[in-house]
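*Asks:* Taking the hints into account, I'd like the entire structure generated from these sequences.
For the sequence shown, my numbering gives the first residue as 4, with consecutive numbering after it.
Treat the hints loosely; a few may be bogus.
[As the list claims (entries may be wrong)] Straight-line C-alpha distance at most 16 angstroms; calculated EDC-like pairs for lysine to aspartate or glutamate: (1) Lys268 x Asp182; (2) Lys120 x Glu46; (3) Lys78 x Glu50.
None of these hints come from the bench; they were simulated from the model.
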Amino acid sequence: METLGLQSQTFGLQSFTFDLPVRRADLDVNGHVNNGTYQSYFEEAREAAFAEAGLFPTRAKNLPSAFGSVFLEYKAELKHPDSVRILTFFPEDPKGNWEIRQEMYRFSDGVFAAFAKFSVFSPGQEPQPPELKKEGRFFEHSVPLRWTDISPENHPYLSSLQYYLDDARIKSFINAGFDLKELNRKGVGPVIYKATLDYFDSVIFPETVSVRTRVEKGEKNRLLFVQDLFRTEGEVEIHVCRGKFYGIFMDLHSKRPFRFSEEEKKRFMTDES
4 METLGLQSQT FGLQSFTFDL PVRRADLDVN GHVNNGTYQS YFEEAREAAF AEAGLFPTRA
64 KNLPSAFGSV FLEYKAELKH PDSVRILTFF PEDPKGNWEI RQEMYRFSDG VFAAFAKFSV
124 FSPGQEPQPP ELKKEGRFFE HSVPLRWTDI SPENHPYLSS LQYYLDDARI KSFINAGFDL
184 KELNRKGVGP VIYKATLDYF DSVIFPETVS VRTRVEKGEK NRLLFVQDLF RTEGEVEIHV
244 CRGKFYGIFM DLHSKRPFRF SEEEKKRFMT DES
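*Replies:* See the structure below:
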């Protein structure tokens with residue numbers, strides 16, 4: 004049962020609690036809750052908190068939402084059947100640059116499952132598109148927008164954009180020649196533990212976007228997926244968002260990092276340094 008209540012008003016912050024179930028339909032082919040689904044849970048809790056507080060942040064010009072950037076940290080796996088409890092915090096009187104912080108807990112055992120930070124910027128201070136690498140290779144995939152991915156404001160949900168990036172990461176490994184079914188049979192799978200997303204523009208239905216994925220060396224020899232999502236306007240390519248996903252392949256049986264051979268790495272690493 005979904006509940007929402009104003010918890011406290013301390014240090015200029017309002018705090019809200021929102022509970023919702025982990026649905027079977029939220030599980031992916033490996034039986035796990037997709038990274039983008041965490042984002043959709045945060046969205047539900049955030050919208051409920053806004054309604055309770057009577058706060059309706061203005062969508063930034065040309066952006067899919069009021070937020071210019073998002074930080075996500077994944078700390079524990081969600082389970083089905085179970086529920087999650089999400090705490091949402093934001094200023095009592097938000098002005099200028101401000102942010103919303105959210106914490107997600109598994110309801111059954113209280114384990115801290117995820118943390119998120121959504122940043123709102125004053126006009127003119129939003130993130131700007133970075134200079135793109137012209138050298139090196141990347142994996143590219145086209146994704147048509149679905150009607151169900153679009154909000155009543157005719158902009159994509161942030162979770163929808165993240166699903167596009169999630170799908171493109173998986174398809175990149177397929178294009179590199181990996182048999183994901185075989186890896187899954189061995190209990191090997193990717194684990195994303197941190198992500199940052201910056202938004203520069205939006206898309207509307209019906210459009211088709213393209214996602215370019217680069218796989219680079221991350222911190223502590225882990226993997227960094229740098230993904231750029233574009234739309235086209237005539238013959239002009241518009242940079243919509245950039246996501247950086249920090250991850251590692253794990254042997255899900257032993258709970259230890261899975262090591263690819265050097266030959267296998269060459270197939271998917273796009274950073275030659």
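*Asks:* Which numbered hints are broken by the structure, listed smallest first?
*Replies:* 3
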